[in-house]
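S.K.: Each chain, letter by letter, is given below.
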Amino acid sequence: MSLTRRDFLKGALAGGTLLGTAAPAEARPNKTMPPEALGLLFDSTLCIGCKACVAACKRVNGLPGDPISEDLAMWDAPLDISAHTFNIIKVWHSGTATNKDQETDGYAFMKQSCLHCVDPSCVSACPVSAMTKDPVTGIVAYDPGACIGCRYCVAACPFGVPRFEYNKALPKIGKCELCRHRMADGHYAACAEVCPTGATLYGKVSDLSAEARRRLALKPGETTTFPRGRLGGPDWSYQGTAAKYVQQIYGEKELGGTQMIKLAAVPFEKLGHRPLPERSYASISEGLQHTLYGYLVMPAVVLGALSVIARRNVKPDDDDDGDSAGGGKR
Amino acid sequence: MANAHAVAPIGGRLVTPVTVVLAGLTAIAGVILLIRFFFGIGAVTNINDGYTWGIWIAYDVMVGSALACGGYAMALLVYIFNRGEYHPLVRPALLASLFGYTLAGASVIFDLGRWWNVWHIFWPGYAQINSVMFEVAVCITAYIFVMWIEFSPVFLEKLGLKDVKRKLNKLLFFVIALGVLLPSMHQSSLGSLLVVFGYQVHPLWQTILLPLLFLMTAILMGFAVVIFEATLVSVGFKRPGELPILTKLSRIMYWMLAVYLVVRVGDLLWRGTLGAMFVPGFEAFGFWIEMAAFAVPLWLLASAESRMRPSRLFVAAVLIMLGGFMLRINGFLIGYQTGEGYHYFPSVPELLVTIGLVAFEILAYIVFVRTLPVLPKHATH
Amino acid sequence: MNETIFDLETGGDAGVAERLGISRREFLQFCTGIAATLGLPASAEAAIAKAMEAAKRPSVIWLHFQECTGCSESLLRAEHPTLDKLILDVISLDYHETLFAAAGHQAEAARKSAMKANKGKYVLVVEGAIPVKDKGIYCKVGGQTAVDMLKECAADAAAVIAIGSCASWGGMPSTGPNPTGASSVAEVLGKSVVTIPGCPPSPYNFLATVVHFLTFKSLPAVDALGRPLFAYSRLIHENCERRAHFDAGRFAVEFGDEGHRKGYCLYKLGCKGPETYANCPTIGFNDLGEVSWPVGCGHPCIGCSEKGVGFTKPIHALATLKSVEPPLFYPRIVEGQGAISLGGAALVAGIAGAAAGAVIVLAKKLGEEEGGTGKTRKPGRPGGES
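Residue numbers (this note's numbering), protein chains in the order written: chain A, 3 to 332; chain B, 19 to 399; chain C, 5 to 390.
Extracted from the complex, chain A is given alone in its bound form:
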């Protein structure tokens, strides 16, 4: 005997009902950026690929080098961020790669380091609060003391930022923490401090956003002032010419926004920055969890119902033949 029409319809209905439960499971909105949030503005058109920021980051964080080979251990030549390279400059090129910031036969530089998201996936993913977001500065910090090394943050980050020490017996996660350990001394992000051209600029995200929008409004070739170091710090600015920017501030809206925002003259997708929706993945994941398990309401109700049913069906018996279930109802 095979499937009857009645049985099929029953099944389809059951399936459809289950599908329908998908609707309410997306409840929590994106988190918002703290008003005094700190961050960076990276302008790819100003970056000359000197890697002073890479070296400075390693210096202030006490990180070891990434040698090219065992024999050439004196050369620090990281190819990618890792648990001991928190910041790196990468190059994109096309064709002969002779024209800076141009798509044809050109090249452009891009910084890769933690973007300090407004609604971070890593903070949502971490089961032990090792990744936390500061409520005032918005800096996403890592606490190895809390960490269990599960690497959920590594897998969850949409930008591939947190990295892990796979070859250590006592490993940690490593990522940029915006030099928060230097803030007590009045210092700020070392990458911004050493950048010779102001490609990496430090400051309040609101100020950095305003600066980014100012640059996007300039005509290509127009002479303008570029600040260096820290917005609101000593004036290290200089005169330069505006490039032909792509009219987009990357990080303004992506996944709820990031505190490191970027400008470039080459489409961001080519620079390893794909288009991303505004809704953060953390909000979807947490929305799902809260809908199903918020306040443990559903689990408690279900446990109660199951207990009632199981109590009715399970008859503990006194004989010692090992049987502990009844077939009571049948």
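Do not take every clue at face value.
Claimed, not checked - Here are the simulated PhoX-like cross-link-like pairs (lysine-lysine), alpha carbons at most 20 Å apart as the crow flies:
1. K368(C) <-> K256(B)
2. K256(B) <-> K144(C)
3. K326(C) <-> K246(A)
None of these hints come from the bench; they were simulated from the model.
We have chain A; now place chains B and C onto it with these hints.
M.R.: Here is chains B and C on its own, set in the frame of chain A:
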């Protein structure tokens, strides 16, 4: 009738060629794990920052725990849906579940980089309750305890502690209720783990219905494993099988499978991603295998006559296990991509650890059923 | 290009040493030095020594126009050998307004007779820019405009060398708004010439060019702007002794600050090294070695030898790097990780194969049992499924 369902150890030699091989594989895994703890996980695995969860998570934990859902599936059937006729299948299923989950838990520990901090998950101040992993870890840990409690009557019988057993039996209904709630929560949440990965999971698998898909396949795999193991036990230990019960079980599986496929395909249609299965690549390949592994049993189990044939039941069960395996491997590995240029395939030592764990599981199962009252008594043997 | 190896045994150099009034050792040291400056192989010093031996000293006419005479002054500071002893004896300097004892019409007459006597064979060296506005009245020597004088002298010259930035591309006199129309030698003559830019250039850049001409009867290889490649093919940034500081992000931000006192890179103070082609960091000035150039003394390079940079860009304005094209091993946007483990793949394939095989075998066995013992039961019989 109580006596028809009496259980007893099946006795027999513990040291056989099979158990020796299994013990050998376990020992190899032990040595590799020692290296892992001294030199880091990178010394024995191929995981990297692009594929930071390898088979120790994707297989040992995700697939392993789902294959260990026999106890859950049977408890659901026997104690909640009150189908007492399936009762003889409960203890062996519970035993397999016990081992499967305990070893999945062990796999988690030796995949964790900073395993000495693992208690933080349960500690207020550290525990981050919005994390899906928090809920998974707490539920799995609680469930392992519950299962050992559920299984304790077996030990208590062997040790002759009837008083304790009686007291325990009074609370058994609650323990069983927990034993149904907890797996429902964590098996679905193992799927929810993927939600935060966003675009990194291929559209063929990234959906808000992930918890439902994982839960349904976990139950299906639980039933499938029961059939699979019952078949192996009857062939391996040369005992008569439990065919009538398995046949009835397969009809339930058939309906669940049908509903599952409606949900799965319906979701793909709703999200408009069904076309992705025609884009050549590893993802499409994995998807086809997964869907075929679920669709073929639907055909195999369609007729009542079919469901009475042990060969068909066995193949259908294996295919459902394969389908559940593929869903998890696809979601966490094949369909996962954090960026271009990253590759992963498990290394030989990495595989040997997984193999060793499975070997250990089988070995322990054999030892337990030979020495403890788990399997139903039968006239023969 | 090199002639037969000079045979020292025949004592051919004794005459040169005697004529020049220096020891044979000093003479050969000079040849070695010049060869090194030119970047020639060691064997070239012998060819140079042989050329010096030649009896006839070539004639050189040296013109001065809109200049400060710094280039001549720079040449006078040459130490090895001293200019008066060697070069003035190696060449016949038949006209040089600064160094001449004569003056006025007498000097001009000497020039004209030297030009006539050495027609087609003399070397013309020009120092200073040439004003072209208003028919060139802004610079006149002996009643003749610089433009006319230059054209007249260049007509019969064997080679024209423009020494200094002014003659090479206009230099300081050509700084905007350039009221006199100060122009380079090449612009006035309408053809390219050898240029030795710098303000002033190192004397050895000039000396080596001249000696190359005397030795090999041709000028050294030059770039598109006529600059000898041995001195002007690299950016200052590429050879700067403070380059490591640039690469490590160590900069002086203000004169006198900690970074400045520690000798850090001066890029943030406006150093134009990254966009200036010259060999200053390599050879220094006044034979004092490395410290004896602006950056070595703690002042940013002003790009004095580079058109469009020197006397054009403000001294403390940030330089545009001319060579940031990244090298091949620069980290790329996509740098993956993870190799495929063939052993692992083989093992997995093996397990999968074995598992599939086992399942098939077991299923067949179960199938046979079904057929044999009639275990399958038809629906409807008691004990069958409900």
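S.K.: Hint by hint, note whether the structure agrees.
M.R.: Checked hints:
no.	hint	in the structure
1	K368(C) <-> K256(B)	holds, 17 Å
2	K256(B) <-> K144(C)	violated, 121 Å
3	K326(C) <-> K246(A)	holds, 19 Å
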